[in-house]
Amino acid sequence: MAELQGLGAELSEAERAGVEIVAISPDPNERSQKVAEGLRLGYRFLADRDLAVTRRYGLVHPGGGPDGRDVPRPATVVLDRDGVVRWFSVSRNYQVRPDPADVLRAVRAL
Amino acid sequence: MTTDFGAKGSSGWLAALSVGLAIGAVGAYALLLRVAIVRNHPEGYVVAFALATALAALAVVRARARRWPAWLALGLSSLLLVAGAWFNFVVARVPEAPTALRVGERPPDFTLPDAAGRPVSLADYRGEKPVVLVFYRGYW
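Chains X and H supply the protein sequences, listed in that same order.
Residue numbers for the first sequence follow the working numbering, so the first one is 222 and each next one is one higher.
Residue numbers for the second sequence follow the working numbering, so the first one is 1190 and each next one is one higher.
If you are wondering where the hints come from, they were derived from the structure by calculation, not from laboratory data.
No experiment lies behind these values; they were computed from the predicted model shown.
Among the clues, some could well be false.
With a cut-off of at most 25 Å between alpha-carbon atoms, the simulated DMTMM-like pairs for lysine to aspartate or glutamate come out as follows [unchecked claim]: (1) H/Lys-1318 to X/Asp-301; (2) X/Lys-255 to X/Asp-301; (3) H/Lys-1318 to H/Asp-1298; (4) H/Lys-1318 to H/Glu-1285; (5) H/Lys-1318 to X/Asp-320; (6) X/Lys-255 to X/Asp-271; (7) H/Lys-1318 to X/Asp-323; (8) H/Lys-1318 to X/Asp-303; (9) H/Lys-1318 to X/Glu-241; (10) H/Lys-1318 to H/Asp-1303; (11) X/Lys-255 to X/Glu-241; (12) X/Lys-255 to H/Asp-1303.
Bound-form chain H, shown alone (with noise of 0.2 Å):
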């Protein structure tokens, strides 16, 4: 009686645990996203969600009575790791190519209209200033 009580206590509070994670990383990983570690490391909210299947599959293991919190926190934590694993590991994978930059060489000349509409070449900034060219996929 003592260890079925003990047992079901520890099943909800795991199935809490696993669902304060879950629901933690997401927000963590979206409020944090300006913060370079944060941002470059996207590969730990699918570590925080691993975890957080895992502890719900214990909670499951140990429910006695009330099932349902348990179950619920693992559907809840193996659907986001499965989304956020494709998320990191598919669909934002960018496919390696050559590049033709090479340190200590010229990159390829261009030019391009400016918000102005002015044309702006690389090739005006040499021997005036050193340049960061940002290459960024967009405003979408």
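So that you can see chain X by itself, here it is in the shape it has in the complex (with noise of 0.2 Å):
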């Protein structure tokens, strides 16, 4: 869960200026919400059980996760009001998430 710890505090600043973090993942529902709680993050997660929208977006790691289950690729996407993308990172090696200062900075400068 580093990539959401990392994202948590300084992201809170975004949140607070009425930006909506969506954080989507194929875990169940109670698990997710039991993460943000324990966080103490007001994430809306969101369940993607089958992984049909993380491949739809072309961020499927094929056989990344234990037993060699398909898992998301870490992408972190700023979304403006009008929906449009406007800063987007994608990891190569799934120990590295973008740098909260720099999701920040994109989310200013909307």
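Please dock the two separately framed chains into a single complex, following the hints provided.
Set out below in structure tokens:
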């Protein structure tokens, strides 16, 4: 969960600025909710159980999970009020996430 | 005699430095995982293990009487180097592929259930507020 923790504290600033943070993973809903409560984050968690949406976005890492399961490629996308992509980042190493400062910069530039 | 003694001393010192560096790198990475600059430079621990291996090799070369600390340091650091490099450059690598994301364009719309089971559409936010979408691997 380091990926969400890393974003958490700093992005709460974006939340206060009226930006909705929508976190998508194949996790079941109850689990995501627990994670959010544990981190005390106001994220909106959406469950993409079969990775259908993740696949439509071209963000599946085939066989990248435990037991060779498909998992999402870690990605962060900033959309403006009109739903247009203004900035995005897709990890090439799953240990690496976008720097929250870069995400915030993109949010502030909207 | 004097040089022998000095060499032995420096070997033990180098071996200790090697082990300290290798274990310190593991600890620092684990502790500072939330710090973006540490998390986003995982090759840092590989470099630290390589440095620890070089120090241990030097310790082995300089060892005179008591050789085992140097060999132990070399074993530990080279094991960590191989494991760390394999993890960082092979296991954790995410293959690149084209995405549906283009700056200046709308991404595909979707509807997914939220934590309470209510359907949420990306289009719901259009004209309402900006959105940061975070795709993540999940909690496993």
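Any hints this thing doesn't respect? Which numbers, in order? Of the numbered hints given earlier, those the structure breaks are 2 and 4, listed in rising order.
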